[in-house]
Amino acid sequence: MHDLNPFTSQRRRFASWCLPLFAWVICGAGPVSSPTSLERAIQANFLFKFAPFVEWPPDAFPAADRKFIICLVGEDPFGSLLEDVVRDQRMMGRPVVIRKVGGEGGPAGCHILFAGSSTETNYAPFTATEGQPVLTVADKAAGPGGAMIEFVRQNGRVRFQINDGAARAHGLRISSKLLGLAIMVDRK
Amino acid sequence: MTQAPENRLSMGNIIAQMATPLSAVLIALFLLAAGLAATFQLEQLGRLEKLRQVTVQAQILASGIAAPLAFEDDVALREYLNALKTDPQIVAVAAYDGHGDFAAGFARPPARLPPHFPKGGESAKQESSANSLIVTIPVMQGSTRLGSVYLLSTVDSLSRRLTRYLGIAVIVVAASVLIVMLTASYSSLRHAHQKLQAEIASRQQAEEALRQSQKMEAMGQLTGGVAHDFNNLLMIASGGLDLMERTHDQARQEKLKAGIRQALDRGAKLTRQLLAFARRTPLHPEVIDLRERIRGMDALLERSLGESIEVAMHLPADLWPVELDASELEVAILNIALNARDAMPRGGTIIIEGTNLPGGDDAPDQVRIAVTDSGVGIPADLVNTIFEPFYTTKPVGQGTGLGLSQVYGFVRASGGEVLVDSIVGKGTAITLLLPRSLLTPSKTGLPADPVAALGRQRILLVEDDDTVADTVSGMLTILGYEAERVGNGDDALHRLERGTDFSLVLSDMIMPGDVSGMELALSIRKRWPRVATMLMTGYSAAAASAAKEGVPLLAKPFTIQDLSVRLAIALDQTATGKP
Numbered sequence: 001m002h003d004l005n006p007f008t009s010q011r012r013r014f015a016s017w018c019l020p021l022f023a024w025v026i027c028g029a030g031p032v033s034s035p036t037s038l039e040r041a042i043q044a045n046f047l048f049k050f051a052p053f054v055e056w057p058p059d060a061f062p063a064a065d066r067k068f069i070i071c072l073v074g075e076d077p078f079g080s081l082l083e084d085v086v087r088d089q090r091m092m093g094r095p096v097v098i099r100k101v102g103g104e105g106g107p108a109g110c111h112i113l114f115a116g117s118s119t120e121t122n123y124a125p126f127t128a129t130e131g132q133p134v135l136t137v138a139d140k141a142a143g144p145g146g147a148m149i150e151f152v153r154q155n156g157r158v159r160f161q162i163n164d165g166a167a168r169a170h171g172l173r174i175s176s177k178l179l180g181l182a183i184m185v186d187r188k
Numbered sequence: 001m002t003q004a005p006e007n008r009l010s011m012g013n014i015i016a017q018m019a020t021p022l023s024a025v026l027i028a029l030f031l032l033a034a035g036l037a038a039t040f041q042l043e044q045l046g047r048l049e050k051l052r053q054v055t056v057q058a059q060i061l062a063s064g065i066a067a068p069l070a071f072e073d074d075v076a077l078r079e080y081l082n083a084l085k086t087d088p089q090i091v092a093v094a095a096y097d098g099h100g101d102f103a104a105g106f107a108r109p110p111a112r113l114p115p116h117f118p119k120g121g122e123s124a125k126q127e128s129s130a131n132s133l134i135v136t137i138p139v140m141q142g143s144t145r146l147g148s149v150y151l152l153s154t155v156d157s158l159s160r161r162l163t164r165y166l167g168i169a170v171i172v173v174a175a176s177v178l179i180v181m182l183t184a185s186y187s188s189l190r191h192a193h194q195k196l197q198a199e200i201a202s203r204q205q206a207e208e209a210l211r212q213s214q215k216m217e218a219m220g221q222l223t224g225g226v227a228h229d230f231n232n233l234l235m236i237a238s239g240g241l242d243l244m245e246r247t248h249d250q251a252r253q254e255k256l257k258a259g260i261r262q263a264l265d266r267g268a269k270l271t272r273q274l275l276a277f278a279r280r281t282p283l284h285p286e287v288i289d290l291r292e293r294i295r296g297m298d299a300l301l302e303r304s305l306g307e308s309i310e311v312a313m314h315l316p317a318d319l320w321p322v323e324l325d326a327s328e329l330e331v332a333i334l335n336i337a338l339n340a341r342d343a344m345p346r347g348g349t350i351i352i353e354g355t356n357l358p359g360g361d362d363a364p365d366q367v368r369i370a371v372t373d374s375g376v377g378i379p380a381d382l383v384n385t386i387f388e389p390f391y392t393t394k395p396v397g398q399g400t401g402l403g404l405s406q407v408y409g410f411v412r413a414s415g416g417e418v419l420v421d422s423i424v425g426k427g428t429a430i431t432l433l434l435p436r437s438l439l440t441p442s443k444t445g446l447p448a449d450p451v452a453a454l455g456r457q458r459i460l461l462v463e464d465d466d467t468v469a470d471t472v473s474g475m476l477t478i479l480g481y482e483a484e485r486v487g488n489g490d491d492a493l494h495r496l497e498r499g500t501d502f503s504l505v506l507s508d509m510i511m512p513g514d515v516s517g518m519e520l521a522l523s524i525r526k527r528w529p530r531v532a533t534m535l536m537t538g539y540s541a542a543a544a545s546a547a548k549e550g551v552p553l554l555a556k557p558f559t560i561q562d563l564s565v566r567l568a569i570a571l572d573q574t575a576t577g578k579p
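Those sequence lines, one after another, are chains A and B.
Counting in our numbering, the first sequence runs from 1 upward without gaps.
Counting in our numbering, the second sequence runs from 1 upward without gaps.
Calculated from the structure, these hints are not laboratory results.
Because the structure is a prediction, the values reported are computed rather than measured.
Just to be clear, a hint being listed does not mean it is correct.
Unchecked claim - Now the in silico label distances, taken between C-beta atoms and shown as ranges:
1. E130(A) x L48(B): 52 to 58 Å
2. V152(A) x L48(B): 45 to 51 Å
3. L32(B) x G93(A): 56 to 62 Å
4. G93(A) x S132(B): 33 to 39 Å
5. S176(A) x Q41(B): 42 to 48 Å
6. R161(B) x P58(A): 48 to 54 Å
Where a beta carbon is used, it is the ideal one built from N, C-alpha and C, also for glycine.
One chain only, chain A, in its complex shape (with noise of 0.2 Å):
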């Protein structure tokens, strides 16, 4: 009996070795530009895919807005990849798409929202969806705090850490899979 080797995927092994060896190693396999739109586009995935992890309240889906919408605020750090992932996906049986939301539109009807960087003062995303059923989800190196879902870097992979505390405050119920896979969960 043998293990087959797990890494025989193209996007895996550019996933879990290519990432901490990018600065150093040219890795041949995939279309890979830069090891920083790599990272993106797992989190990209990740972004996606945290959504059938997480059950909103009932009325988060409105019956007149068929639709499940991530919304990106301040710099969007996936370009095309966040699209290239949601395309012809379904979630919840509702068509996914994405919304970028500029300061004066706001959050309202999304159900995740990114936050990426900003270089503007008094940048808090977060804000306007305080007591929203919406999954705040951030980047701890480059986006601002208080999100609920914080991807972090750990052993050159993409991991991430959850507030579910923040997230049944506001009504979201994050499924234990999802909890037990985070490197670190704030109950509070």
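Got chain A sorted already, so can you dock chain B onto it with the hints?
Okay, now just chain B, sitting in the frame of chain A:
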């Protein structure tokens, strides 16, 4: 009542018909086929069960690996997959991501994992081949498909499955062999049974034929003996009549008449005896004093037994009375005595003893009459046969074999018992145990003279036989009655319709014509109740029916004295209005 055994018999027959070697082989084959079918069914069920089990395993796995697969946590993913290694039947397990690319898994050689998830395997799918089961399950979180699980499991190897079914196979084969063997043995047994039954049937036939021939032989002996006796009697009677015609000496005529009378009495006794053996004589039981009766036989015994035999009687005076047919009793004693005489060819003493046997709580009082001789005795193996009709040790023509049979028949009919004690060379004791009667014996000694008619009384005699009619008419006339004779029942009724100036109708029972004596008597009783009736017959079956209807009956042959007494009683009863 007879229905059930017949049904059982027919069921048995059906089963017996079915139990042929061919049907046994068919049953055995059927059993084998049923065993195979059961095994196949079991196999299918086992496969189905296994498939369900593997599917459940895959589903649990799919649920567990949802998060690790979505967020590329290979360590956790492998932990989940490797947990299934503990099941040796799971040959290969793999998880594929949402694009169908391999994420993690293991396979035991020679099994191989597909590098990409098979197209079209997005929904749950089960494949089963001869020795393996493949289950693919999508990994879902909510309604989102995150990847797929591939699970390949072996089913038990053929040899292992065969081992499992070996027990059933052994039982089925053993049962089949057993059925064939049992049926074979049953079949041969049935064959033997049929042969045996055929033999029994043929033996029964032979036995029946033998019995028939024995009966014929006995009949021959009997008729020979009876004819011999009767010829002697007829010789006496006809010879006596011849002599009477040729002599005028009064004294000699009286002597001849006495001789003829004696011969006729013996003839009557003989027929009565024959009828008694045939159990057709109705007994005329009366309460009698045994001492008086048996003592009264001394002259008869002396004459019958000859000079070399002495008879000693020990009959106490207080011997209890018994109720039975006195003349039959006399015949029985005589028969026993004659046998005793024949057992003592050199002479000897016959002892007739009487004793009272008081009964116990449930045994009735009995009177014991024992007739003992000092003769040759009866061998033990013949003791049981001496009462059988026609059994005799005497030469043909000398004995009818009916003597002791009469004793037995009479005593049993009187409610008693007969016992035989015999020692070969010492002698025999035949004991009659007769039930005690609590009544007082009637006075014996009937009036010696015939009872003459009281006044002028007319009697209608119905008799088809002219000779008998003449004799009876003569008797009636001598007794002082006026007799008129008709030939049959119809004539009698016509005569009565013309005028009922008869006191009594005396009719034969069996006559030609439409109206029998019995019918005539009943008809007269109904239509002319003031006319008495009396029937005569020599045939005891008819006598029994008359007795049942309460019609007075006169058994032929009867003497003038019998006739006179019975007529007087019948007329008296009708006159006083008694039935």
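So, going through the hints one by one against the coordinates:
1. E130(A) x L48(B): 52 to 58 Å: holds (56 Å)
2. V152(A) x L48(B): 45 to 51 Å: holds (49 Å)
3. L32(B) x G93(A): 56 to 62 Å: holds (58 Å)
4. G93(A) x S132(B): 33 to 39 Å: holds (36 Å)
5. S176(A) x Q41(B): 42 to 48 Å: Since the Cβ atoms of S176(A) and Q41(B) sit about 44 Å apart, the hinted range of 42 to 48 Å holds.
6. R161(B) x P58(A): 48 to 54 Å: holds (53 Å)
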